[in-house]
Structure formats: C-alpha cells, structure tokens
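*Asks:* Listed here are the chains, written in short residue letters.
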Amino acid sequence: MIRTLADLKRGERGIIKEFSEENIPLKLLEMGCLPGNEVEMLQLAPFKDPMYLNINGSHLAIRREIALLIEIDLIN
Amino acid sequence: MAKQINVALIGNPNTGKTSVFNQLTGLNQKVGNYPGITVEKKEGICKLPRGLKAHILDLPGTYSLNASSLDENVVIELLLNKSDKDYPDVAVVVSDVENLKRNLLLFTQIKDLGIPSILVINMADRMERKGISLDVDLLEERLKTKVCLVSARKNTGINELKEAIINYRHIPDEPCVNASVIAPEYFERLKKAFPNQSIYKLWLVITQDVNFGNINRKEITNSAYFETKSHTELKKLQHKETILRYQFINGVLKETLTVDSSSAKDLRSRLDRILTHKVWGYAIFFAILLLIFQAIYSWSSYPMDLIDETFAFLSEWTKINFPAGSFTNLIAEGIIPGLGGIVIFIPQIAFLFLFISILEETGYMSRVVFLMDRIMRKFGLSGKSVVPLVSGTACAIPAVMATRNIESWKERLITILVVPFTTCSARLPVYLIIIALVIPDESVWGFNLQGLTLMLLYLLGFGVAIGSAWVLNLILNIKTRSQFVIEMPNYKMPMGKNIAINVVEKTKAFVFGAGKIILAISIILWVLASYGPGDKFNNAQQIVSEQYDNQSNVTEEQLEEEIASFRLKNSYIGIMGRGIEPVVAPLGYDWKIGIAIISSFAAREVFVGTLATIYSVGSDEEETIKNRMAAEINPILGGPLFTFASGISLLLFYAFAMQCMSTLAIVKKETNSWKWPVLQLVVMTLFAYFVALAAFQLLK
Numbered sequence: 002m003i004r005t006l007a008d009l010k011r012g013e014r015g016i017i018k019e020f021s022e023e024n025i026p027l028k029l030l031e032m033g034c035l036p037g038n039e040v041e042m043l044q045l046a047p048f049k050d051p052m053y054l055n056i057n058g059s060h061l062a063i064r065r066e067i068a069l070l071i072e073i074d075l076i077n
Numbered sequence: 028m029a030k031q032i033n034v035a036l037i038g039n040p041n042t043g044k045t046s047v048f049n050q051l052t053g054l055n056q057k058v059g060n061y062p063g064i065t066v067e068k069k070e071g072i073c074k075l076p077r078g079l080k081a082h083i084l085d086l087p088g089t090y091s092l093n094a095s096s097l098d099e100n101v102v103i104e105l106l107l108n109k110s111d112k113d114y115p116d117v118a119v120v121v122s123d124v125e126n127l128k129r130n131l132l133l134f135t136q137i138k139d140l141g142i143p144s145i146l147v148i149n150m151a152d153r154m155e156r157k158g159i160s161l162d163v164d165l166l167e168e169r170l171k172t173k174v175c176l177v178s179a180r181k182n183t184g185i186n187e188l189k190e191a192i193i194n195y196r197h198i199p200d201e202p203c204v205n206a207s208v209i210a211p212e213y214f215e216r217l218k219k220a221f222p223n224q225s226i227y228k229l230w231l232v233i234t235q236d237v238n239f240g241n242i243n244r245k246e247i248t249n250s251a252y253f254e255t256k257s258h259t260e261l262k263k264l265q266h267k268e269t270i271l272r273y274q275f276i277n278g279v280l281k282e283t284l285t286v287d288s289s290s291a292k293d294l295r296s297r298l299d300r301i302l303t304h305k306v307w308g309y310a311i312f313f314a315i316l317l318l319i320f321q322a323i324y325s326w327s328s329y330p331m332d333l334i335d336e337t338f339a340f341l342s343e344w345t346k347i348n349f350p351a352g353s354f355t356n357l358i359a360e361g362i363i364p365g366l367g368g369i370v371i372f373i374p375q376i377a378f379l380f381l382f383i384s385i386l387e388e389t390g391y392m393s394r395v396v397f398l399m400d401r402i403m404r405k406f407g408l409s410g411k412s413v414v415p416l417v418s419g420t421a422c423a424i425p426a427v428m429a430t431r432n433i434e435s436w437k438e439r440l441i442t443i444l445v446v447p448f449t450t451c452s453a454r455l456p457v458y459l460i461i462i463a464l465v466i467p468d469e470s471v472w473g474f475n476l477q478g479l480t481l482m483l484l485y486l487l488g489f490g491v492a493i494g495s496a497w498v499l500n501l502i503l504n505i506k507t508r509s510q511f512v513i514e515m516p517n518y519k520m521p522m523g524k525n526i527a528i529n530v531v532e533k534t535k536a537f538v539f540g541a542g543k544i545i546l547a548i549s550i551i552l553w554v555l556a557s558y559g560p561g562d563k564f565n566n567a568q569q570i571v572s573e574q575y576d577n578q579s580n581v582t583e584e585q586l587e588e589e590i591a592s593f594r595l596k597n598s599y600i601g602i603m604g605r606g607i608e609p610v611v612a613p614l615g616y617d618w619k620i621g622i623a624i625i626s627s628f629a630a631r632e633v634f635v636g637t638l639a640t641i642y643s644v645g646s647d648e649e650e651t652i653k654n655r656m657a658a659e660i661n662p663i664l665g666g667p668l669f670t671f672a673s674g675i676s677l678l679l680f681y682a683f684a685m686q687c688m689s690t691l692a693i694v695k696k697e698t699n700s701w702k703w704p705v706l707q708l709v710v711m712t713l714f715a716y717f718v719a720l721a722a723f724q725l726l727k
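In order, the protein sequences belong to chains A and B. If you read the first sequence in this note's numbering, its first letter stands for residue 2, the second for the next number, and so on. If you read the second sequence in this note's numbering, its first letter stands for residue 28, the second for the next number, and so on.
Next comes chain B alone, as it looks inside the complex (with noise of 0.2 Å):
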C-alpha cells in the first residue's frame, strides 16, 4: 500500500476551512484532542483519485504564525516540529476570495518555512457578484505555488485540488520573502550560530514560545554567539516583517487581482445597518435569544418524554426477563437510569448548538460580540463572553472551552470563573420536580406560576453570574492591556453539512465527556446503596419482622416497604448521610436529600436518580418521584419535608453550588492551575449554603 500524503489544512477563521475540510473528508473525520491541551484535534481520511490516500489534519484558524492563544501555537508546534508524525508533506493554505490580502500574510510564512504549499482560494462564486478577477496564472508564477480555485459551498474545484495533492512533489519549496532583511546583521549571526537549520524557523522559535526539535528556544537564546534581542525589540522585528510580508504581497496582487468596487456595496451594509443598530440591534439579539430559549424548552420535551419512557420501560423489562440477584439489579437499577440519566440531555444540547452554530456560520455572532462587548466589560467580562454565557445554559463544559478566543486573559479567567452560575440543563430536572412539588400549578395574571418560577431561576442565574463577574473584576489584580480585535465577517448561509456535523461532534464530546461521569456515579450510588457493614444491614429483615411481630394490621407489602427502608438507612450510603445531616438539618433537608447533594457534586442531574435510588421506587417515573417525596415527613420539624421554604432553599443551593466534576476538570485545563477550579467549588458552595440557610429560615 501506498504511503498516506500528510495534508495540513491551515488558514484564517473564517475562510471556510471547515467546509473545505468535510468536502475532502466527507463523514470520515473524527475529532479529538492534542495531548494535554483541551484544543480541538480534526482530522480525516481523503481518498484521492488512482487509489490514493490523504491524512487531512484540519488545524485551528490562524491569523498569522504569531501565536497569540492555545489554539494557534498548536499550528506552529506542529509546523517547526519535522519529527512530529503529522508534519504535513504538503501544507493547504485556505484562503477567502474576499480577502486574499490578508490571508496571504499567513501563506507567505508558511511557505517560508520551506514546506510545499497549495494556495485554496474559497468561495470562487462569489467571485463574479462581487467584482473581483484573477490572474491566476501570474499569481501562481509569482507565489511559486499551485493555486486552486475552489468553492466547497458549490463543491466545485475540489477535484482539482486532490489531484493538486496528489502531485505536491511538483511545487516549488522557494521563500516569497526573505525576511531577513529586518535586520540583516541579527540574522547573519543566527545563522553562523546553527548553521543547519532554517533561518526562518530559528526565527519563529525565538518570537514564539515553542519547542522546535533538537533545539529548544532557551539553547539558542543562552548561545554565546550573539545576544538576544528584549521583548521590545522582538517586537519591533515583527511589526517589520509584517510590514515587509505586506509590501510583497501587494506587489503581487497589484498585478494579479481586480476589483470592480461599484459591484461591491452590497448586503453586508445594508445588514449591518440593522443588525448592528443602537436599538434595533439589541431588540434583535434579544428577540432572538427568546426564540432559541422558547425552542429548546417546548421542541425538545418530546424526545425527552420519549426517552423517560423508554429508559423506565427498559429498566422493568431486564428487571422481568432477566434471571433475578445482584446483576440484574445492577443492570436494572445502576446501569440502565444511569445511562437514561446521560441520553435525557441530548435534545437540549443538540438544539442549543444547533442555534449557536447557525449564529455563528451566519457571521452574526460577531455583531452580537460588537454589540455586547462595552456593555460586559462594566462587568469586567468581555463581548467575546457572550457565547459562553449562552452555550453555558447548555453545559459549561463546551462553554468553559468556548472562551479560548478572549485575548484578555483577565477576561477570560473572569468568564471561566463565572459560567458555571449559569442554569445549565442538568439542574433543569431538579428544578422541574421541585418545582412541581412546592410551587402551585396555578395562574396570576396569565402567568403560570410554575413557568414563572423556572424563567426567575434563569434570570437569576445570569444575574448572579454577572454580578459575580462585577466583583471579582474589583478583587482579581492581573494588569492587561486590551488586545480585543474581532473579525466582522461577512453574512453567509448556512451550510447544513457543516451545521449537522457541528452539532454531532459537540453533542457527542458532551456524552462521552460528562456522560462517563455521570454513569461511574451510578454505579457507585447503587453499590453503596445496596450493601453496609454490621448486622444491622445484613439482618434487617430479622430486625423489622420481630419489631412488627405483635402488630397484626401491618400487610405484607408494607413490611417489605419498612424492611427497604431499614435496610437503606443502614447501608454505607445510609450512614454517610446520616452524618451530614446536622449540616444540612438547617437548612430543611433530611438526610436522604443530604446523600441526594452528595452525589451531586459528582454531576447535578444525579439528584432526581439518587432519590428514585433512595426511596426504592425502582423506576425513575416523575410522577411515582414525586408522589413518594410529597410524603415524606421532616424528621425534625415534622410535617411535610417538602414545603414552600425547604422547596426554594433545595433550589437556591442547586442555582449557586459548584456541582460538577467534569466542569472542575475542564477549568483546571484551561487555567493550567487548581487555583481556580478549588476557590470555584469552596466560594460558590459556601455562597449556596448561606443563600439556603438564609431563605430557609425565612420563609418557614
């Protein structure tokens, strides 16, 4: 068999790179992630005409080869590293027809580098509507590449661009620019000092942090031959070279490309005129956020109602056909909710990333960015937070991840920190049936008041979460300068391809992400819940029945209900939570809500499980939840456990607590510290706690 050509796709955001990327892969792509960095790692097979194939590796958008965020050292990394086995053969630089000027910045660079370079010039049918033509002849002459002109929304171009792979050999591997020049002296001594390498990765290695082979960048930087130049002086060279890039590829488009600009005005200002309005901007941004919130809650409860059902119906089914004793019970009443618990989120997840990315393909979350972000900075965020801040009523996993592209890195910590405080979909099942429990499905106004209470809980969520930002912005002393630049690209449909496998690729990172997680705890909340230590647990049937002997009223079923419930209290799980229930006693809670909160830390979703799990309902059925928590007796106070006080206590501590493990190790990724995610969990539990003790003690 043939050697694979290792293909890297590079380019701007916003270029279409992505698009490119699933045309030559079609659905034979799966993403991952580099080693020890949360950063995205896509790539695929491409079957190339006469029975060849490809390694796509679809690298994450740059601007330039100047690395300014995780994302975009990854590409350089991968670009100084020859040893590494996904160095490209050939590098596919994909460009935007539209703004070939500044995409060609990074294509200079990387062909500088001396790796063989294909130029993609995307969306070439948009090429006449706008008035632009293009030498491509000369401009291949004068790049020293091979230049396709492609448009991956027609599917147009890219056969050309496999045969293009297919005879990388054939390109040039020639310099655009020769940037030493800069500073000629500089260079001169850098290459007598490692007269082996390539002075233009010597060159990137020193103005980047990143290891490059053999030689890492403090050897060349503590070499004797030459001293290294400050910070300011680096930077000085940068500003240099880029301005050299651009006088080159100037020259080059001066004779390659014209532009008709009477064609050109054109949509995109009559768009922005609305969408980015001082008033009608904002009524749309909000008009449109109610529409994805109102979607998500009324589209997605019927798969959801589908997929309660079936998970119940399958739990009883193995309960029935499968030989009875602890396996079964372990299949039945561990595995089989624990899995439902992770499915049942699936439709709200892929709707919601279903709007984002709609948004974000259209270009129009960047005007939502231009629009919000003077507004957020009062509170110390940035308009780049938005998007976690909405993805974060999703899952704040993928939210925590979404705020890579803030340059700040005061903001971005401030948006890490606070994200979680918004009302992500797995308290939504607590909220619902606790809801259901204490507030009263009646009408004022017109408002149901349960509807009512859950649209306050959002509110609430948001506002806290922004209200912390305030704070912490006040508190956290990290000096930054403003490095906020966004790209305002333009308007464009959609593609469905790229929106379905966006929402696949996110909904299954949330699956196989938290949804192990949530499983392993299953597991262990069964086992716990089903052995204990002594003989109290292991003869409670003995215990119960002599207690009862002499009651002759008592039936048989509720004997076995007694017999369960004794055994419960004395199994690990039993004793654990007997234990903290003086801590949570105040605060209206027994101790099967103490175990309930326990496991929850785990995940939050885990609570209406752990009860179902607890009072040995053996189906996770709302309704059959419900009826058995009405009943419950507060051991303390008496009367019902579950009233108006301990309701709005229980929903508060979900609102604010730090709940989820899965969210604590993604934040310990991407701050590179335990830090944060520990003051995240000690603060916002303490903060739920007080909050719940205070409304507690109010209200009953």
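In isolation and in its complexed conformation, chain A is listed as follows (with noise of 0.2 Å):
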C-alpha cells in the first residue's frame, strides 16, 4: 500500500521517499522536503487541511493536495 504524507497521523512519523518534483513546489524542497529526510506530523487543522510538519528540522504547513504527492515510509 502507498502511503503519503498525508495518511500521516498526529504524532506519528515517516520517512519521505522520491516524488515526482514537477507538481512539488522548489519552495518546498529548499525547506528540506528531500528523499531519505525524517518528517513528524505535528498538528492537523480541521478536516486535515493544512498540515504542520516538522520535516527535517523545519516546522511548516503545507495544503493536503501537495501532502498526497508525496510519497513516505511509516516509522513505528
């Protein structure tokens, strides 16, 4: 099963795998949004949209459109 970004709980963890970077903002890999980087979901707002991460020591939001691009492996 794929998981993304977006099937990320509160709390929980994952590691992101390669994406297609033509729909990815370069915005948001200058903040560390790469392959083989750590992210925390850290708060969710109503209906899960936006989200805030902590990706690779960078706390951001981003929309659950560009969260469901990106693909990740769940740490336990």
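Since the hints were made in silico from the structure, they are not lab data. There could be a bad hint or two in this list.
[Stated by the list, open to error] Under the rule of at most 25 Å between Cα atoms (straight-line distance), these lysine-lysine pairs were calculated in the BS3-like manner:
hint	chain 1	residue 1	chain 2	residue 2
1	B	K695	B	K437
2	A	K10	B	K305
3	A	K49	B	K405
4	B	K437	B	K69
5	A	K49	B	K437
6	B	K281	A	K18
7	B	K305	A	K49
8	B	K68	B	K696
9	A	K18	B	K263
10	B	K506	B	K263
11	B	K535	B	K696
12	B	K128	A	K18
13	B	K68	B	K346
14	A	K18	B	K262
15	A	K10	B	K405
16	B	K228	B	K109
17	B	K74	B	K181
18	B	K68	B	K109
19	B	K267	A	K18
Assembly of the complex is requested from the two constituent chains, each provided in isolation within its own frame, with the hints serving as guidance.
*Replies:* In structure tokens:
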C-alpha cells in the first residue's frame, strides 16, 4: 500500500521516499522536503488540511493536495 | 574620506535579519521603494570602528536564489548585476541557529556567486537552552568563510560583525559547491558559449527571469551553441542542485553541529497544542481580534479628539491673526483642514500596526494562517489573506501590499480585489457623522443602537469582501497549482525596537502616500468652491441684496449667509454638483452631497471636510457640521434631507463604493495592469449605487 504524507496522524513520523518533483513547489524542497529526510506530523487543522509538519528540522505547514503527492515510509 | 563599504544583508525570513539591521544602523536608516515596483528598500549607514562607514542594504527575506515572488527577485537582480551601485562588496548572510541547515542553502548559493560572504548565526543566546553546540572554527574552515555568532536581542557579537565587515577582503571567494556536476555536459557548453562569465551566474540567469548586466536571458537562450532545456528539465536540474547542496551542508554540519534533543521538547509544542487547537485556536484568535478592535477604537479616540480640536483652533487662529484675503483663506480653509484630515488617522493606523507587528514578531500570525487556510480557500482566498483583510480595516494600501507572500496568483488577485470592501479608517468619520444624524442614541437590551450600527457596518464590509471573493472564485478562470508553503517560526518575545520602527515606517508610508492626495484634493476643492464663472458668482452680493431689498425682517447675518450660499451654488463646484443632482437624487441626496461624493473618489475622508467647506461652517468642529446637516431640507421631497432612509442609503454607498485613488494606484502597481483597478472602480461603484438606490426607495 502506498502511503503519503497525508496519511500521517498527529505525532506519527515517516521517511520521505521519491516523488515526482514537477508538481512540488521548489520552495518546499528548499525547506528540506527531500527523499531520505524524516518528517513528523505535528498538528492538523480541521478536515486534516492544512498540515503542520516538522520536515528535517523545518517547521512548516502545507496543504493536503501537496501532501498527497509525497510518498513516505512510516516509522513505528 | 574613505569609500563606504557596500554591505548587503541577506537571509531567510524569520531569522532576525531586520533585528541585526536595526542593531547595525540604529535609527540611521531610511525606507524607500525600488524603482518601478512597490517592494520596500531599506538601507542605512553603519558606523564602523576606525572612522569607517558601511552602507547597509536590508534585502527582502528569501529561502534561496530561486525567486518565486517580486520581493525575492530584488535579491537576485542585485546579486547578478555588478554594475548596480548597491552591488555588495560583502554579503552578510543572517541565519538562525535553530534552522542552520536550511539557512545554509541560501548561503552556499551566494558564496558560489563569488561574493565575499560573512555567515552570521543569530539567536546564539538560545544555543545553550536548546542543547546546541557548534564548532565555529571548523565551520569557518569547511564553508571557507568568516562566521559571527550574534544575538541581536541581547546585542552581543555585533562589534565582532563590524570588525568582520571591515576585513571583508580577507574572506576567500571560493565556491562551496560545484553546481556544474548536476549536468556536466550542459554546463560545459554553457562555459564555451560565454567564456568570460561566471558559470553559476549564467545558470541562475537561465533559470530565473532576470536580466544580467550586458548579457540578457534572451541572448543566452537564443545562442547557437546549445539548445535550451525545457522548463521541466530545468526544474529537474534545480531539484538536483538543491539535493547536491543539502548533501554538502549535511556533511559540514555532521562534523560541526551537535544537538542534544533531550532538552529540545519545549515551549513551542505546548503553545502550538493550544494555539492551533481545533476549538481553542479559533476562540483565541477571535478573542484577540475583538481585543484589537476594541482597543483601537477606545484608545485612539483620545488622541483623535485632541488632533481635531488642535486643527480647528489653528484654523481659527490663522483667520484672526493673518491679514484677511484669499491667501489666508486658502491656508485656514483649505490647507489646515486638509492636513488635519490626514493627521487624524495616525492614531488608529499606528495602533493597528502596533498589534499586527506584535502578532507577526511573536510568530503567532503563521498559526492564524494555518487555522484559517481551509476556511478561506472555500472563498478562493488563502490563509495568508487574513493579514491583508485585517490590515484593510486600517487602510487598504498596506493591505494590498501585504498580499505579496500569497504564492497562488489567483488567490492573491482575489484578495487584492476584495480588500477595499473592508471598512478602512477613512470610512469611519463618514459613518460616525451620519450615524449620529440618523440613528437614535438609544439603548435596546443594553446595546447602544449607534454602536450596534457601526459594528454591523464592519461585519457588512467583511461579509461583502468574503462574498465577492466567492463570486470571483467562480468567475475568474485562472489555472494555478497550489504552492502554499508557510514556515511556522518559533515563538519569540517581540522586540520593542523592531516594533517601534515598523509602526513608524508604516504610519509614515500612509501619511506621505495617501496624505499627499488628501491635501491636494482639499486645496482643489477650496479653489473650486471659492471661484466661479460669470456674473452670477461675481455679483452675488448685489443680486442677493436686491432680492431681499424690500424685506425688512432680514438681519445682516442672515443676508451674509444667503449671499455665501448663493455664491457657492454658482461656483465651479456648485455647477458641477447641480449637474449630477439628477443621478444622485433617486438615492435621496441633494447636489451638496453629490459634490461630497465626487470629492470622496479621491479619498473617502474628504466627505466631512467637503461638507464643512460647502456649508461654509469654517471649522471642522463635528457638532457644528452636524447641526448644519440636520437643518438641510430635501430640495425635491421637502422635509429634512438626512432621514433614516437617505442616511442608510449614504452609509451603504460609502460601504461599497471604490472611492480611493491611492488604492487604485497601488492595485495597478501590484497587478501590473489597469484592468483590475478599473474593474474594481466600475463594479464596486455600480454595486454601491444600486444597493443605495434600493435602500432609499424601500425605506423612504
């Protein structure tokens, strides 16, 4: 089963896998959203959108539609 | 005199770059605009030891040299253009000790341009508390630069930074990362085509939309030596470059930085749990909003009353103490009330920006964006539209400028288009005087009716802004992908100095921006009301005196008033007003209100001043104007002119009409087209007209 960032529940962590960069804002990559980096879900706004994440030490919020494009491996 | 050292201050947003700038320059700074665009240009002079001086340019915050907004573009344009007079001798890159990894991305890019760069690591006072330790010597060696540990808050490390600036010539200009490995063949061909240019500069010119000294982008992309890559390929390469840089940075930090994370679980997560909570988060936000509005209106009424009285006094004083004549009249009735009309808004605008800067400095504003994004998106707006909409209650001009960080063009455009509906402080004097005239000063269930009406008008402004955003979202056919990314900075205590400087700058921008127009309009109005064509105006005294000749019960005073009124009716402004009377009569207005509306198209707040001029009251004293207005008779229907129906109609007209030239000018600048401001002017004004028409016809 393919998991994306959008599947993370509050407090869960994952490792970013490959993603197709075309639809991802370059700014997100620059803030540390790169394959191999760890990501933690910190807070979810109502309707799980937007999502407040800690990606590789950067604290940022992104919308669900972008989160759906980023595949991850869940860390238990 | 020794040459000034040109310093460019560059850094990610939220790194305290502006605090470093304030510490270096003190109050010795000025804010202007970059030519042709509305991006703020902050520069200052820094006194260095041994009598040297540095010119410091505080560039807009950016995460990298890949620009995605106008602000960020400014940074790249400057760094690529050696012939720019501000081209830096040395770049000071400000970073935040807690986000060093991300901050270094920008640093390595600047370093690779061959500009001597100093790395400032700010907020060094937090290192111990956060369990961070750093091998500065090794970091300097690996990054081939000078590193300064600074705390702008505690004012430490600033002198070391000044020393480093003086000694900028000793900083090596070797690059950190060899970007050409991402596509060796491509970069090789590039180098062959332009052997005299720095390869990394060429790469940046190709990937950005900027001009580059004597070579422009077209020349490179049209060059016969190689085919250009498609947009997607270039983006892939930028992606590769970012990964390459992070590999280098991770390697460097592995050796130099250790974080003991046991001490890191902190205030941030505890505060976030409450402030971004599904229920409490919203409750707290609305409580803060309520507090802000309450504070603005109750606190600023004292200085506003004082300003009002002072200018009324000045006007009287001038009339008494200067020799009578046109010039004195111009000063006393045109210029002084005009200036008063500007100064009166300073308290409210200053208070609003005080609150907004505190919310931004503490890091709370990003949480509001997070909370509101989903709700705002339903209406075609972004979470980032909240700041412009709140600022709009002071003035639409800074509000339109505050939309710049909205990534999606469609969301940004919609925000710009609907912001003028929010109740700006210029509408307030109009609302206050009309409410005082037509709404009884009574309480119902403990609520004062006048206060309630005012609150309803504010809600109406927000409601129509949101509603029209929803409509625009359906109509506008602009395809944009969501690029929404917002950093959630750490919570910080706000720094008084930063806030004070910000409030002064924003208020100044209003006074000198909108102020000029308000003053000019007041003078023009005075001239139009004081002169007229033909015999009727020039011989007013004779004509009126003859009319009243056989009536013995007319006092001298009444005769004077009749003459003044007759003269006004035949002045240029009177003729214009009577020209538009048929248009405004169905709304319940007479020609005098018509004139006030026309002049309000320059700026709404001119309304009260115009009526004061027209009724020749001579002073802006609110009570006097109010009494005069209450005594006005409707020329068509008879009875008082200002009734409940015409008052409501006027309130609604002012709530919706686009009556602010300064806002239109700023919208033109920000959207780079006349299409949108013209659309605003026509649609909003027609909407206002028909709503006011309906209100009057239904209520009369």
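*Asks:* Out of the numbered hints, which ones does the structure contradict?
*Replies:* Hints 4, 13 contradicted; others consistent.
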